[in-house]
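Work out the full structure: start from the sequences and follow the hints.
Chains as they are written, first to last, in my numbering: chain A, 1 to 231; chain W, 1001 to 1228.
Simulated from the structure, these hints should not be mistaken for lab results. Yeah, the Cβ is synthetic: ideal placement off N, Cα and C, and Gly gets one too. Check each hint, because a few of them may be wrong.
[Stated by the list, open to error] Label-pair restraints from in silico Cβ distances:
#1 A:A169 to W:K1052: 51 to 61 angstroms
#2 W:K1052 to A:R229: 20 to 30 angstroms
#3 A:G53 to W:Q1077: 16 to 26 angstroms
[What the hints assert, rightly or not] Below, a sample of chain A positions facing chain W; criterion: calculated Cβ distance under 8 angstroms:
#4 P143
#5 S176
#6 L183
#7 R193
#8 F196
#9 D198
#10 L206
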Amino acid sequence: MSEPVNPSVDSPEYPPELARLPPGRHGLPREFVARNQRERLIAGLAEAVAENGYAGTTIAHITRHAAVSRRTFYEHFSSKDECFVAAYDTVMAELRRRVDEAFNQEEEWPQAARAGIAAMLEFLTAEPHLARLSMVEALVAGPVVIERYDAAIQGLVPYFEAGRQGRSAEVLAGLSPSTEEALVGGMVSLISRRIFADRTEELESLLLDLVEFALTPYLGSAEAAKVARQG
Amino acid sequence: MASKSTPRPLPGRHQLPREFIAQHQRARIVNALALEVSEKGYRSVTVADVVKRAGIARNTFYENFGSKEDCFLAAQQFAMSAALDRVVAAAGEIDEWPRRVAAGLAAFLGFVAEEPALARTCMVEALAAAPSSVRYYEESLQSFVSLFRLGRDVSPHGQELPETLEEALIGGVFWILYQRLLDKDAAGVEELLPELVEFTLTPYLGAEAACAAVAEGDGASAAPTSRG
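Listed below in structure tokens is the structure:
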């Protein structure tokens, strides 16, 4: 490409932080700028959607929040939907990272499951806009996102399937092929209802109930309740 | 979803009451929208699509509904009522709680298996439609809560059960059915009955009693079938 990567320093769309650099080609590797722009667009989308809802968000909203030009938007994404998919994937990757980290820190499965659930609730509470983006707006952002959403929820199943390890024949007999699916679906249902109603402050208070609900099929209700209460 | 015998206006000067025609017109529009949504997804459907499918004038649509959103809500309410009617018919008269749950679940699974298009409307499409639809979906889930809450009275440890248990159980059952509807695998959902009954009864009665209730149900007579 023979044109400069960014518009002129004087244009209102010029990213403010780059304006400090000498005008013209600033020598940053194109890859760096591209990645940076993409990240800003994703952050910009999240802010725009928080303000306007998905349906009400326009590309102009996104580019304004991202402080990039419309042309730059189209260098990275062909549509609002596509930008949303990227934002969704980014949020989910971060959520997954935190859940994994918390889960893997514990040696015993019941505590690991509890830690994973707690980490999820913590993240959603700390980032209510991202919570809404990933669990409410995602449902109206097109079929590609819905597929990702469904896969993300199903992706929680293995954390609970791990609970089958070492259980007695009696306990295992009480489980069915759909047990983990039902547990995960039930937990997400509780969480997404509160997010939909803008009551993210209630999420962390769900921890005890969620842990007891999820662990009961494997440990029995008394033991599950005990694990739930452990700090 | 359309009635099996579509009424035709009588020849000559006899006229069907306007109210009667209006009711059926409304049903026709709702039906058309439900079909369009199942084919294209809620977002892509336009009022133009609906009027074309229903074979009506645009004016007629707006005489019946304020918007696509209103029309979809009507479709959703129709579908959910169909489900609830079955559940109430099957479970309403049964006193013994575990059998009541089993009958109610059987009826709901029957609805999903026999009316997958309606089930998709109120359980799949509804989530991707307008906020009013999501709200109505949430309310629908709540109406099943009372069926399960009765279990607290028969449970030996009803007092200690988590407050959100019913919400979670219902959310879980719906999620499983949602997956089957997505995979267009609704025909076989009735096979899930034993495991779903066990899953929902266990927190109240313990695994052994829940299992026994399932075994008993297998031997009992089937719940009333659909009335069409």
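(Q) Hint validation: A:F196 versus chain W, beta carbon distance must be below 8 angstroms. Holds or violated? (A) holds (6 angstroms)
Q. Given A:R193 was flagged as interface, is its beta-carbon under 8 angstroms from a beta-carbon of chain W?
A. Holds, because the Cβ-Cβ distance from A:R193 to chain W comes to roughly 6 angstroms (cut-off 8 angstroms).
Q: Indicate whether the distance between the beta carbons of A:A169 and W:K1052 respects the range 51 to 61 angstroms.
A: The hint (51 to 61 angstroms, Cβ to Cβ) holds, given that A:A169 and W:K1052 are roughly 60 angstroms apart.
Q: Could you say whether the range 16 to 26 angstroms given as a hint is met by the Cβ separation of A:G53 and W:Q1077?
A: holds (24 angstroms)
Q) Hey, does the A:L183 contact hint survive, CB to chain W under 8 angstroms? A) Check passed: Cβ of A:L183 comes within 6 angstroms of chain W, closer than 8 angstroms.
Q) How about A:L206: closest beta carbon in chain W under 8 angstroms, or not? A) holds (7 angstroms)
Q. Should the interface hint for A:D198 be scored as holding, given a Cβ-Cβ cut-off of 8 angstroms against chain W?
A. violated (12 angstroms)
Q.
A closest beta-carbon separation below 8 angstroms is what the hint needs, so does A:S176 meet it against chain W?
A. At about 4 angstroms, which falls below the 8 angstroms cut-off, the nearest Cβ of chain W leaves the hint on A:S176 intact, so it holds.
Q. Does 20 to 30 angstroms hold as the CB distance between W:K1052 and A:R229, or does it fail?
A. violated (59 angstroms)
Q) Against chain W, with CB atoms and a cut of 8 angstroms, does the hint on A:P143 hold up? A) Given a least distance of 6 angstroms, the restraint on A:P143 holds.
Checked against the numbered hints listed earlier, the structure breaks hints 2, 9; every other hint is satisfied.
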